[in-house]
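**Q** Spelled out, the chains give:
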Amino acid sequence: MSNFIGDWHALLVLLLAGVLPNEIWRVLGLVFGGSIDEGSELLVWVRATATAILAGVIAQILVFPPGVLASVPDVVRYGATLLGFVAFVATRQSILAGVLCGEAVLLAGKWWLG
Amino acid sequence: MRLPALDSPKWHSTWASFGFGFLAVGSSILGLVLFATYVGIGALAHNAGFSLGWALASTLFVWAGPAQIILISTLGAGATIVQAGVAVTLSAIRLFPMVVAILPMLRGPRTPLRKLVLPAHFIAVTMWIESFRLLPRVPRESRIAFANGLGSGLVSVCLFATAFGYELAANLPDLLAAGILLLTPLAFLFSTARNSKQLVDRVALVAGLALFPIVSQLHTGVDLLISGVVAGTLAYGVHRWRRLQ
Numbered sequence: 000m001s002n003f004i005g006d007w008h009a010l011l012v013l014l015l016a017g018v019l020p021n022e023i024w025r026v027l028g029l030v031f032g033g034s035i036d037e038g039s040e041l042l043v044w045v046r047a048t049a050t051a052i053l054a055g056v057i058a059q060i061l062v063f064p065p066g067v068l069a070s071v072p073d074v075v076r077y078g079a080t081l082l083g084f085v086a087f088v089a090t091r092q093s094i095l096a097g098v099l100c101g102e103a104v105l106l107a108g109k110w111w112l113g
Numbered sequence: 000m001r002l003p004a005l006d007s008p009k010w011h012s013t014w015a016s017f018g019f020g021f022l023a024v025g026s027s028i029l030g031l032v033l034f035a036t037y038v039g040i041g042a043l044a045h046n047a048g049f050s051l052g053w054a055l056a057s058t059l060f061v062w063a064g065p066a067q068i069i070l071i072s073t074l075g076a077g078a079t080i081v082q083a084g085v086a087v088t089l090s091a092i093r094l095f096p097m098v099v100a101i102l103p104m105l106r107g108p109r110t111p112l113r114k115l116v117l118p119a120h121f122i123a124v125t126m127w128i129e130s131f132r133l134l135p136r137v138p139r140e141s142r143i144a145f146a147n148g149l150g151s152g153l154v155s156v157c158l159f160a161t162a163f164g165y166e167l168a169a170n171l172p173d174l175l176a177a178g179i180l181l182l183t184p185l186a187f188l189f190s191t192a193r194n195s196k197q198l199v200d201r202v203a204l205v206a207g208l209a210l211f212p213i214v215s216q217l218h219t220g221v222d223l224l225i226s227g228v229v230a231g232t233l234a235y236g237v238h239r240w241r242r243l244q
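Protein sequences appear in the order of chains B and G. Residue numbers in the first sequence follow numbering that gives the first Met the number 0, run continuously in steps of one, and reach 113 at the last position. Residue numbers in the second sequence follow numbering that gives the first Met the number 0, run continuously in steps of one, and reach 244 at the last position.
If you are wondering where the hints come from, they were derived from the structure by calculation, not from laboratory data. Backbone N, C-alpha and C fix where the C-beta goes; we use that ideal spot for every residue, glycine too. Any given hint could be a false lead.
Only some residues are given here: those of chain B computed to face chain G with a beta carbon under 10 Å [claimed, not checked]: (1) Thr48; (2) Val74; (3) Val88.
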């Protein structure tokens with residue numbers, strides 16, 4: 000059981016750095032929801048910044064890959080993402096087609112190049 | 000899945016309404032993408048050295064894919080609680096307008112706030128999209144039970160996916176484990192691209208992707224925040240400039 004939970008300090012970190020800073024915005028939406036204009040300029044900036052942070056996370060995983068993904072040559076990782084994107088666009092934005100194509104390129108590329 | 004007609008007596012039972020919501024997850028194409036994303040999150044958590052219980056707790060209590068990935072990757076890279084918390088909270092601001100937009104669909108004239116706490120917790124991008132698709136086909140007085148069912152169904156699928164990805168990353172040969180770790184960036188890249196209908200969102204996506212590798216050379220510990228805020232503000236500037244034209 001202790002293996003399943005790990006150490007309690009990590010759960011405290013999850014609460015303080017993950018659960019609370021995330022949940023606060025749902026609670027604020029619940030409490031102040033009635034008085035916010037959905038099309039306000041501030042929300043446009045907020046949405047753009049949230050999108051850019053998420054884009055940064057995507058770039059982070061691709062450029063500084065975690066774990067065994069780091070053993071895949073750079074050219075294969077970038078190629079898989081690029082060809083996946085081409086498949087996504089070519090299929091009138093099917094997320095599934097993009098993911099499957101990217102994965103196929105990654106597996107084939109790592110298979111050939113090591 | 001076909002929902003009963005709006006005036007069907009089947010909606011009179013709270014548990015039946017909950018059940019219709021829970022089963023509606025099976026009709027969600029987005030559920031498949033969500034599943035892939037959470038398999039990736041489970042794998043990332045394993046790679047960063049977190050326990051399976053920690054990974055499941057993050058899915059249950061954070062319940063926002065981007066926030067979980069930011070949390071796992073920043074903590075895994077040695078960030079402090081404050082640095083990780085600020086990055087998570089910035090990514091979570093987008094939940095605010097989602098909750099604001101969904102509540103009027105759930106709320107009746109005399110709905111107490113406490114009944115909305117659980118549905119509000121379930122709101123994240125998939126729940127948000129599926130609520131707009133499904134809630135109009137549910138009678139208003141049954142919508143909270145339906146939304147709780149839908150949310151519970153999505154969370155259940157993702158808890159399973161988290162554990163599945165965690166175990167796969169632990170036991171698969173390197174080739175396949177690398178494929179699992181690539182699921183998350185691919186799924187998020189394409190779903191974000193698809194949700195970016197307006198110019199401001201597209202500029203934010205492209206600028207965010209391009210800027211992070213440059214900013215990361217500075218090794219500030221808050222590279223993600225700097226690149227995100229700069230790229231987001233740049234995109235907002237383009238949006239303002241276009242409006243002035």
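**Q** Compare the structure with each hint and give your call.
**A** Checked hints:
A least Cβ separation of about 3 Å between Thr48/B and chain G falls short of the 10 Å threshold, and the interface hint therefore holds. With its C-beta approaching chain G no nearer than about 14 Å, Val74/B sits outside the 10 Å limit, and its interface hint is violated. The interface hint given for Val88/B holds, since its Cβ lies 9 Å from the closest Cβ of chain G, which is under the 10 Å cut-off.
Violation of the numbered hints given earlier is confined to hint 2; every other hint is satisfied by the structure.
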